[in-house]
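Taken in order, these protein sequences are the chains called A and B. The first sequence runs 0 to 61 under numbering that gives the first Met the number 0. The second sequence runs 0 to 243 under numbering that gives the first Met the number 0.
If you're looking for bench data, these hints aren't it; they were derived computationally from the structure. One thing to keep in mind: the hints can contain errors.
[Stated by the list, open to error] To spell it out: a stretch of chain A is covered by chain B in this simulated footprint if at least three of its residues, at any positions, have a beta carbon under 8 angstroms from a beta carbon of chain B; those stretches are:
1. 5-19
2. 24-31
3. 38-45
[To be verified] Restraint ranges, calculated between C-beta atoms of paired labels, are given here:
4. A:Asp5 - B:Pro84: 28 to 38 angstroms
5. A:Met4 - B:Pro84: 17 to 27 angstroms
6. B:Gly117 - A:Ala25: 51 to 61 angstroms
7. B:Pro183 - A:Pro8: 22 to 32 angstroms
8. A:Ala29 - B:Asp175: 19 to 29 angstroms
9. B:Gln47 - A:Ala37: 39 to 49 angstroms
10. B:Trp120 - A:Thr41: 35 to 45 angstroms
[Unchecked claim] A short list of chain B residues far from chain A (calculated; beta carbon distances all over 10 angstroms):
11. Leu22
12. Phe39
13. Asp43
14. Pro95
15. Thr107
16. Leu110
17. Leu130
18. Val146
19. Gln182
20. Thr193
21. Leu216
22. Ala240
Glycine included, every Cβ here is placed at the ideal spot set by N, Cα and C.
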Amino acid sequence: MIAPMDLGPHSGFIVAAYAIAFAVVAGLIAWIVADHRAQLRTLDDLERAGVTRRSAAREEVS
Amino acid sequence: MRLSELANPSRFNALAERVLPWLVVATALAFALGLYQALFVAPDDYQQGATVKIMFIHVPSAWLGMLGWGLMSIAALGTLVWRHPLADVAMKAAAPIGAAFTLICLVTGSLWGRPMWGTYWVWDARLTSVLILFLMYLGVIALWRTVEDPSRAARAAAILTLVGAVNLPIIKFSVDWWNTLHQPASVLRLGGSTIYPTILMPLLIMAVAFTLLFVTLHLSAMRNELLRRRVRTVRLMRAAAVNP
């Protein structure tokens, strides 16, 4: 059973603490996801331009 | 699988691909349970009232801020002593994540301190040593960005990390060694926790949720760093092909 939340006279501090923690974690997740996409895109562009690593070339042959 | 087998980045990537979806689900479930327990089940503290709810994010983020540096220190040894190819990748990937958790710890601690202590900040040993931890994280991140060659940057960052590890016991025992406004340890202490079980259980669930989040983000950031190095290698090859 979920009781209604009464955060008392200092509710502003509690809400601010959770909101800031959420914002920092959300920012961190967004940065990691954006970085992953950016690296994949760059690698894709480079490989489309005809530059591949020697190991990648070996993988394709085998 | 042996640790040495993970030294191969392709093998690490394959393992991360398999594990990450499960970690994301486990993290979401742990946070759902932890936040439900923290916000709706845990009672208010008899002295602090509802502000004790700040503890459920403040304490786990403090633990993970320290765990991040501890992990970086082990990785630093891996870089300097064993020259493990993934050690410096792990070290670099952990820095921004550890910094973020330390920032959460500092900000939530401040917001908890204002109504309970009457001030957002005091220069006591615990608060100051955690601020130093945050500044050291920023220093290591800056160092990684300053030195272009990853292997040279790794050696410099590893030395700085190991020197900074001295701060970890200072943070932990600062409340015992000096008179601090910050309370002494109440969870990880000899003689057991002093927190009542109805408040301790949500705290431990939130600690598990934060730890799972850290592991998920760290594996993802390591995967990104491996990609970044691949991009760098390909660019160097292109430059060599253009200017033989």
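Comparing the hints with the structure gives:
no., hint, result
1, 5-19, "holds (count 12)"
2, 24-31, "holds (count 6)"
3, 38-45, "holds (count 5)"
4, A:Asp5 - B:Pro84: 28 to 38 angstroms, "54 angstroms, violated"
5, A:Met4 - B:Pro84: 17 to 27 angstroms, "49 angstroms, violated"
6, B:Gly117 - A:Ala25: 51 to 61 angstroms, "31 angstroms, violated"
7, B:Pro183 - A:Pro8: 22 to 32 angstroms, "27 angstroms, holds"
8, A:Ala29 - B:Asp175: 19 to 29 angstroms, "39 angstroms, violated"
9, B:Gln47 - A:Ala37: 39 to 49 angstroms, "44 angstroms, holds"
10, B:Trp120 - A:Thr41: 35 to 45 angstroms, "42 angstroms, holds"
11, Leu22, "13 angstroms, holds"
12, Phe39, "5 angstroms, violated"
13, Asp43, "7 angstroms, violated"
14, Pro95, "7 angstroms, violated"
15, Thr107, "4 angstroms, violated"
16, Leu110, "4 angstroms, violated"
17, Leu130, "16 angstroms, holds"
18, Val146, "19 angstroms, holds"
19, Gln182, "17 angstroms, holds"
20, Thr193, "22 angstroms, holds"
21, Leu216, "6 angstroms, violated"
22, Ala240, "7 angstroms, violated"
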